[in-house]
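Here the protein sequences line up with chains A and B, keeping their order. Number 465 marks the last residue of the first sequence (the numbering used here); no jumps. Number 94 marks the last residue of the second sequence (the numbering used here); no jumps.
It should be emphasised that the hints constitute simulated quantities derived from the structure, not laboratory data. All C-beta atoms in this analysis are idealised placements derived from N, C-alpha and C, irrespective of residue type, glycine included. Among these hints, one or two may not hold up.
[As the list claims (entries may be wrong)] 30 Å max Cα-Cα, derived DSS-like pairs, lysine-lysine:
| # | chain 1 | residue 1 | chain 2 | residue 2 |
| --- | --- | --- | --- | --- |
| 1 | A | K459 | A | K149 |
| 2 | A | K149 | A | K337 |
| 3 | B | K65 | A | K337 |
| 4 | B | K51 | A | K258 |
| 5 | B | K51 | A | K337 |
| 6 | B | K45 | A | K337 |
| 7 | A | K95 | A | K326 |
| 8 | A | K258 | A | K459 |
| 9 | B | K51 | B | K65 |
| 10 | B | K45 | A | K326 |
| 11 | A | K337 | A | K95 |
| 12 | A | K459 | A | K17 |
| 13 | A | K337 | A | K326 |
| 14 | A | K95 | B | K51 |
| 15 | A | K459 | B | K65 |
| 16 | B | K65 | B | K45 |
| 17 | B | K51 | A | K326 |
| 18 | A | K149 | A | K95 |
| 19 | B | K65 | A | K326 |
| 20 | A | K19 | A | K459 |
[As the list claims (entries may be wrong)] Which chain B residues face chain A? A few, computed with CB under 10 Å, are given here:
| # | residue |
| --- | --- |
| 21 | G33 |
| 22 | E37 |
| 23 | E55 |
| 24 | D58 |
| 25 | A82 |
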Amino acid sequence: MTELWWLSATEIAAAYKAKTLSPVELMTSLFERVARLDPVLHAFILPDPEAAMAAARQAEAEMAAGRSRGPLHGIPVGIKDIIDVAGLPTTCHSKILLGQVAAADSHVVAQLRGAGAIIMGKLSTHEFAIGGPIFDLPFPPARNPWNPKHHPGGSSSGSGAGLAGGLFPLALGTDTGGSVRNPASACGIVGLKPTYGLVSRRGVFPLSFTMDHVGPMARTAADAATLLDVIAGYDPADPGSAATAASGFTSQIDRGVKGLRIGFVRHFHTTDMVASPDVAAALEQVAADLTRQGAAIRDVTLPPLDVFRALNRVILHAESWAIHAKWLQTRPGDYGKATRHRLMTGAFLSAGDYVQAQRRRLEVIAAVNEVFREVDVLMLASAMDTPAEIENWPEVERTYSRQARAPFNVTGHPAVAMMSGLSPAGLPTSVQFVGPAFADGLVLRVAAAYEREATWHGKRPALAA
Amino acid sequence: MPHRFAALRQKTSPNRFTPPPDWETVTAAPMEGTEMEEFWVEVAKRAGLEKALAEFRDDVEAAAKSAATAAAGIGTVADTRAEPWPPMQMETRS
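For reference, chain A alone in the conformation it holds in the complex:
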């Protein structure tokens, strides 16, 4: 039998139903694994075994009484530490917020609790979801289970490291410039940035109001869909929430790609920003795999990657300055160096820069929507390189910005990143699939089809075996 810590959420739910596994048994196993591996991985800022075991006992009692709360009943979930969990600190991995305890659950955590999921604790992040894998913070940075000398991506770094390390089957991350999809790419798991407005951000510490997203992270596309089904939905308390939010993402997961028109944004990684040979070769193999399954793939052209990246940076820095100005003015020494420099950038942008960026943004959104008249889904690179060694800061900084994820924070389209192979050094390569607004289910369906063909999701890091 598969070790308990590698079971997917879908498999756990089936085992509960068959009464071959209990929530208490699973939680005990997972926290033993956390005790063994987290001193190396640092996925957790604060594990919460007491509350989690109590929730497991409650789930067990409910199941024994014949009450089911759905597919996440008794399923463990890790929460990135910029998302409020009532009674636990939300530190954002920063000295600035040490000791701040959340008075209430965020919308997404409330949804999870309502569905019977078990909150395992708070997970490492880059400071305020922007700083980077740095060492001048109150908690150590998470490390990559495929090789702990390397970073696990970020800013949802603990979410990615914990999933790839088998510490939990599901996690929540957030994504403003690619922060769900970066750790998904670096750690070889599945991370979805949903359509802007699909998942409420109430109770999540903001970075950039018009580009922040909360997204599901998992080891399989089906699990990501199951998690999305629970957390998606309209929330009038989030000004960005879309009243047209949908559900039913799991119902279309097995439909395959036969007959789908997939646009390959090849120019992003061949001319706009040249990817490493391992990444480029893996992308060609993804295209071949999907073609074999009946998809029709052809090249498409989007605006240049640098335009998207500049828009992402101007908007992000202008909005984050509005959030952090007071602390940067009075407590600059309480930020890590990389965070401080990045967050101060907004002080040097003008109102005109910000408004121009928002105007240009509408143009590039229209350009991407135009491409979706001709194709159903886009495929493209996520990270242009495999993750760098975490203690080689110049290389971390150089490679972090070599990515094609930020365009879809600018446009709001749903985008999933997942493993596309292993480099000769044993580190994951990655691919992204992107869909029209609110076609999140379609994007996950393509991810699931690729997953079935390529089976990378069955590979496990040696450290975490």
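Starting from the structure of chain A, add chain B where the hints point.
Just chain B, lined up with the frame of chain A:
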């Protein structure tokens, strides 16, 4: 119009991004050297960053450079009358 920090960007970060199509218009260097430094220091002070300037001057300078690079990369808006609002509101697929 060159961006107000164009000289700073050109001088310090020439390889950080691919020039946009309208790059040729960004040729004038309105300020150089000490004059540019005085300018970003003044902007930092107006933003209330005196403490950061005193303790982390290199970080403040890096932020000013980063802003210049990013702002120069967004390019020009095709439609002069285009409005920026709402900044984000996704439409359902019809």
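Do the hints match the structure? See the list:
no. : hint            : result
1   : A:K459 x A:K149 : 19 Å, holds
2   : A:K149 x A:K337 : 21 Å, holds
3   : B:K65 x A:K337  : 16 Å, holds
4   : B:K51 x A:K258  : 60 Å, violated
5   : B:K51 x A:K337  : 14 Å, holds
6   : B:K45 x A:K337  : 19 Å, holds
7   : A:K95 x A:K326  : 15 Å, holds
8   : A:K258 x A:K459 : 26 Å, holds
9   : B:K51 x B:K65   : 19 Å, holds
10  : B:K45 x A:K326  : 13 Å, holds
11  : A:K337 x A:K95  : 12 Å, holds
12  : A:K459 x A:K17  : 26 Å, holds
13  : A:K337 x A:K326 : 17 Å, holds
14  : A:K95 x B:K51   : 18 Å, holds
15  : A:K459 x B:K65  : 42 Å, violated
16  : B:K65 x B:K45   : 16 Å, holds
17  : B:K51 x A:K326  : 12 Å, holds
18  : A:K149 x A:K95  : 25 Å, holds
19  : B:K65 x A:K326  : 21 Å, holds
20  : A:K19 x A:K459  : 27 Å, holds
21  : G33             : 18 Å, violated
22  : E37             : 13 Å, violated
23  : E55             : 6 Å, holds
24  : D58             : 8 Å, holds
25  : A82             : 5 Å, holds
Violation of the numbered hints given earlier is confined to hints 4, 15, 21, 22; the remaining hints are satisfied by the structure.
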